[in-house]
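Asks: Quick note, the sequences are listed as chains A and B, same order. Counting along the first sequence from 1, when you hit position 155 you're at 155 in this note's numbering, and nothing is skipped either side. Counting along the second sequence from 1, when you hit position 119 you're at 119 in this note's numbering, and nothing is skipped either side.
Every clue listed holds true.
Short derived list, chain B residues pointing at chain A, Cβ under 8 Å:
| hint | residue |
| --- | --- |
| 1 | PRO36 |
| 2 | GLU125 |
| 3 | GLN126 |
| 4 | ASP128 |
Derived by calculation from the structure, the hints in this document are not laboratory data. Note that the Cβ used here is the ideal one computed from N, Cα and C, for glycine as well.
Listed here are the chains, written in short residue letters.
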Amino acid sequence: MITLENVHKSFDDNHVLRGVTLHVAKGTSMVIIGGSGTGKSICIKTILGLVTPEQGRITVDGTDVTQADRDAFLARFGMLFQGGALFDSLPVWQNVAFRLLRGSLARPRDDARAVAIEKLRRVGLTPDVADRFPAELSGGMQKRVGLARAIAADPEIIFFDEPTTGLDPIMAGVINALIREIVTEMGATTMTITHDMTSVRTIADNVAMLHAGKIRWTGPVSKMDAAGDPYVDQFIHGRAEGPIEAVR
Amino acid sequence: MNLLAKIGRTALGLLAAVGRVSLFAGATLTHLIRPPFYPREVGLALLHIGWLSLPVVGLTAIFTGGALALQIYAGGARFNAEAVVPQIVAIGMVRELGPVLVGLMIAARVTSSIAAETATMKVTEQIDALVTLSTHPMKYLTAPRVLAATLTVPLLVGVGDIIGIFGGYAVATGTLGFNAAAYIQNTVDFIELKDISSSLAKGAAFGFIAALMGCYFGMNSGRGAQGVGRATKGSVEAAAVLILAANFVLTGVFFSI
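Please construct the entire structure, taking both the sequences and the accompanying hints into account.
Replies: See below:
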């Protein structure tokens with residue numbers, strides 16, 4: 001269970017999070033939706049400790065994230081970054097097996113490579129990709145390598161930041177299906193940030209809408225269309241008219 | 001009053017920057033001595049900072065040594081002191097020009113490269129990715145580069161000193177009519193151990209400064225291409241100024257009477 005209670009975060013005068021409270025049950029897929037710049041990525045980064053909130057409490061399985069042993073805590077997570085965030089200087093297999101080549105999860109190089117190739121296969125990439133460098137791959141392939149890296153150490157919790165942004169509809173569909181499969185097969189708890197409503201309907205068990213620094217609505221994806229909230233309604237139907245200002 | 005306020009703000013800003021850099025340097029030193037260590041990263045940094053800088057260091061040193069010989073010969077001729085070319089070239093290269101020029105070339109080549117690479121990693125969330133992969137960016141990126149620069153720049157300075165002296169020798173014996181054996185003998189006789197040790201110590205200090213500034217500006221870069229550009233420019237400026245300031249201080253420490 002991941003819990004955020006009254007989390008606040010500002011950058012100078014920009015109050016991004018103004019009291020976010022959210023519960024993500026173990027083994028479920030939570031998708032956070034909301035307009036650009038509403039703090040969805042910051043929300044995830046506060047959980048990982050990449051951004052320190054000014055106020056509020058974040059717990060994972062009841063343990064305050066600021067009190068947890070950092071290495072053991074991070075070893076439970078995998079994350080797919082919006083742009084892939086692959087390390088340019090390393091070949092693909094070393095990107096995927098990064099965690100398996102160093103630190104507390106380190107294992108022999110050959111084993112790590114074998115795991116990397118298996119994870120690449122899992123995301124639909126052939127073994128010949130393993131020795132290429134990230135710059136030699138298309139955007140869709142980089143996303144899939146990022147996905148393989150996120151699941152390489154079989155984490156309990158996986159975060160996906162805009163997993164389909166910049167991809168064509170077919171590749172976006174492939175990535176969505178992969179995420180859903182991974183969530184189902186691995187039984188991981190996941191949080192996904194997206195604007196893409198197709199992704200929401202494919203990936204989510206539950207949905208939360210972040211607006212004006214707070215969770216505006218949260219509930220099962222099956223009830224999203226009947227949420228009765230004008231903000232949610234405007235967002236999921238992509239209407240220019242409504243309570244959410246088009247110019248922000 | 002406005003002028004005073006501006007001076008005050010500038011002074012406070014400067015002190016804050018000094019504080020931030022000092023804390024960053026302290027954190028780097030802490031990460032250098034505490035595990036985990038990343039020997040592969042250190043090896044790669046040794047290659048990039050040390051080995052691959054040899055051509056530019058060698059070329060800089062040989063032309064400087066040659067020019068120095070010509071200048072000393074021409075200047076010395078004004079008071080019949082042309083014979084001091086070997087001694088002045090040696091002392092000039094080893095004590096000052098070798099370390100300073102190598103330091104500045106490293107600032108241009110290595111500091112800029114480290115800053116641009118690290119800043120790009122920050123902008124593209126690779127630094128965040130490192131953290132999520134249980135790898136401390138200071139340990140993985142900063143400590144290996146600073147260690148490698150501190151170890152290799154003294155060696156580069158040593159090589160630069162030798163090549164610079166050779167440049168002076170080549171010019172002096174090739175065009176100024178100096179006897180080759182006498183030139184070498186005069187050079188060897190004149191250089192003291194203190195000259196060499198100060199040269200190498202300066203190299204270590206300049207290497208530390210060059211890598212530290214690259215990492216500091218890279219890690220603290222702003223967003224986008226402009227952020228990367230500013231980080232790169234700022235790192236080279238800061239490294240060059242700090243190297244020259246450190247040179248003044250170290251020269252005072254080693255040679256003040």
